[in-house]
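Position chain G against the provided structure of chain H, taking the given hints into account.
Chains as they are written, first to last, in numbering that gives the first Met the number 0: chain H, 0 to 46; chain G, 0 to 435.
Source of the hints: derived by calculation from the structure; they are not laboratory data.
Treat each hint with caution, since some may be false.
Each computed SDA-like pair below joins lysine to any residue, with the alpha-carbon atoms no more than 20 Å apart [to be verified]: (1) H:Lys37 - G:Arg36; (2) H:Lys37 - G:Thr385; (3) G:Lys33 - H:Leu9; (4) G:Lys38 - H:Ile12; (5) H:Lys37 - G:Phe381; (6) H:Lys37 - G:Ala384; (7) G:Lys33 - H:Ile5; (8) H:Lys37 - G:Tyr94; (9) G:Lys275 - G:Arg422; (10) H:Lys37 - G:Lys275; (11) G:Lys33 - H:Asn36; (12) G:Lys101 - G:Pro76; (13) H:Lys37 - G:Ser35; (14) H:Lys37 - G:Gln383; (15) G:Lys38 - H:Gly23; (16) H:Lys37 - G:Gln380; (17) G:Lys161 - G:Arg79; (18) H:Lys37 - G:Ile40; (19) G:Lys38 - H:His33; (20) G:Lys112 - G:Tyr94; (21) G:Lys249 - G:Asp239.
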Amino acid sequence: MNLTNIFFVLAIIISAFFAFCTVGFFICHLVIYHRINKNFKAVEKDD
Amino acid sequence: MINQVLMIITLISIWFSLTMSLMILTGAAHFWLKNSRTKSIVEKLPRYPLITVVVPAHNEELVIAQTVEAILNMNYPQARVEVMLFADNCSDHTYEVMKDIKQLPKYQMRNIKIIKRKGAGGKAGVLNDALKTAHGEYIAVYDADAMPEKNALYFLVAEALKDPTRHVAAFGRNKTRNATQNFLTRCINQEIVVTQRIQHIGLWHLFKIGRIPGTNFIINTEFVKSIGGWRNGALTEDTDISFKIMQSGKLIALAYNSEAFQQEPENLKAYYLQRKRWAKGNYEVVIANFKHLFDRSNWRVKFETFYYVSTFLWFNCAIILSDVIFFSNVVVLSLGLFIPNLQLPFMFSASNVYIAQILFFNWGLMILLYLLQISMALVTQFGQATPEQIWLGLASYFSYSQLFIIVSISAVCSVMLDRILHRDGNVWVKTKRFDD
Chain H
0 MNLTNIFFVL AIIISAFFAF CTVGFFICHL VIYHRINKNF KAVEKDD
Chain G
0 MINQVLMIIT LISIWFSLTM SLMILTGAAH FWLKNSRTKS IVEKLPRYPL
50 ITVVVPAHNE ELVIAQTVEA ILNMNYPQAR VEVMLFADNC SDHTYEVMKD
100 IKQLPKYQMR NIKIIKRKGA GGKAGVLNDA LKTAHGEYIA VYDADAMPEK
150 NALYFLVAEA LKDPTRHVAA FGRNKTRNAT QNFLTRCINQ EIVVTQRIQH
200 IGLWHLFKIG RIPGTNFIIN TEFVKSIGGW RNGALTEDTD ISFKIMQSGK
250 LIALAYNSEA FQQEPENLKA YYLQRKRWAK GNYEVVIANF KHLFDRSNWR
300 VKFETFYYVS TFLWFNCAII LSDVIFFSNV VVLSLGLFIP NLQLPFMFSA
350 SNVYIAQILF FNWGLMILLY LLQISMALVT QFGQATPEQI WLGLASYFSY
400 SQLFIIVSIS AVCSVMLDRI LHRDGNVWVK TKRFDD
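Pulled out of the complex, with its shape left as it was, chain H reads as follows (with noise of 0.2 Å):
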């Protein structure tokens, strides 16, 4: 196996590491946007 080849293998699970806190951090962004959007409305009825 040369250096390419083991810097390759080392990239894919790197990425994949990303990959998935990607999506990790996606799904905390959209609850905690949800609870500040709930928590804290410049007014109590907008509508």
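Just chain G, lined up with the frame of chain H:
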């Protein structure tokens, strides 16, 4: 072979920096998931310690009036606030503006001292002078352009009183009050929101590490005296004293609800000078504290030193190297249109054709994570998370963010020249104000 090794080192460094950012982002996400359900409640404190509010001002006639009025109207018992306004080496009408406010009938009963100062030491010199005469149990510092929100001081005191023995200082956040002025201030606003809502929150939530900002913080008066006060002439006296506090084993508590509105640079020159000063100050602190990586210092000092060394030296070098690699390849590719058979200077061997695709995917992920970090910071502030902010974040990735490289290279050169030429930094260094 050397080219390949160089590329691998650069990429691993960038991955490591990203992993550190992700760690802090995880802390911040956990904090906001816990705290986004509850509304802030202003309850009566067990006691209201006397607070000396210090405002160091050097030629601040444009902004000082609004700041002083905001300080005098804070939600904190008036009898428990002593205000010290320093007109330090001013050549404009800062002192007169301060006097005019003090003479207003509604402030006749307030404890306000106005001091015309001619001494040296810059902002740290002012703070040390205030330290000698302050009567307060805590000193609160507000820069001349930092308008505190009504409950800013209340939240700081509440956080300090949670554990008065360990929390010798408490700090809040600063919002950009001229965020919509132009592209630069919009980018600065995003950067500041990310720093305060993600970085500060994450570091505090995970490690109980806090950093004293230049403004909107309180610090125990007796404690500052015990560590010898602020270092006169320090470019970033805030970072300097943060390290001293951590070294003593005490904590700088984060009062995330305490907010002040601060004016940010509106043109590139003012931005460049401000950030260069910050970067220089941070380099000086890193140099001064580097030895603590290897001695028996407090682990928070070691962590912070490592963090600063990584950000300002290691990761910066990796980013510069990656830019060199990228642009060298772009130049050679462009020349290849006219000169056939040119070999790219930086590329992996052709034995694995998928590696380029993986790295491209990686690059896309990094931009996505960068935008996600900005977006997560913005959603913690009602009304800030808009589609325009995402486009702005994308634009700033390729423009504003790259300015940091220029600033840090310039700061490194300046620090080296200061050392070689024995230049003194003991002068007032302030950010240009704008009449908005």
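We went through each hint and held it up to the structure:
{"no.": "1", "hint": "H:Lys37 - G:Arg36", "in the structure": "holds, 9 Å"}
{"no.": "2", "hint": "H:Lys37 - G:Thr385", "in the structure": "holds, 16 Å"}
{"no.": "3", "hint": "G:Lys33 - H:Leu9", "in the structure": "violated, 34 Å"}
{"no.": "4", "hint": "G:Lys38 - H:Ile12", "in the structure": "violated, 41 Å"}
{"no.": "5", "hint": "H:Lys37 - G:Phe381", "in the structure": "holds, 10 Å"}
{"no.": "6", "hint": "H:Lys37 - G:Ala384", "in the structure": "holds, 14 Å"}
{"no.": "7", "hint": "G:Lys33 - H:Ile5", "in the structure": "violated, 41 Å"}
{"no.": "8", "hint": "H:Lys37 - G:Tyr94", "in the structure": "violated, 46 Å"}
{"no.": "9", "hint": "G:Lys275 - G:Arg422", "in the structure": "holds, 16 Å"}
{"no.": "10", "hint": "H:Lys37 - G:Lys275", "in the structure": "violated, 41 Å"}
{"no.": "11", "hint": "G:Lys33 - H:Asn36", "in the structure": "holds, 15 Å"}
{"no.": "12", "hint": "G:Lys101 - G:Pro76", "in the structure": "holds, 18 Å"}
{"no.": "13", "hint": "H:Lys37 - G:Ser35", "in the structure": "holds, 9 Å"}
{"no.": "14", "hint": "H:Lys37 - G:Gln383", "in the structure": "holds, 14 Å"}
{"no.": "15", "hint": "G:Lys38 - H:Gly23", "in the structure": "violated, 25 Å"}
{"no.": "16", "hint": "H:Lys37 - G:Gln380", "in the structure": "holds, 12 Å"}
{"no.": "17", "hint": "G:Lys161 - G:Arg79", "in the structure": "holds, 19 Å"}
{"no.": "18", "hint": "H:Lys37 - G:Ile40", "in the structure": "holds, 16 Å"}
{"no.": "19", "hint": "G:Lys38 - H:His33", "in the structure": "holds, 14 Å"}
{"no.": "20", "hint": "G:Lys112 - G:Tyr94", "in the structure": "holds, 11 Å"}
{"no.": "21", "hint": "G:Lys249 - G:Asp239", "in the structure": "holds, 15 Å"}
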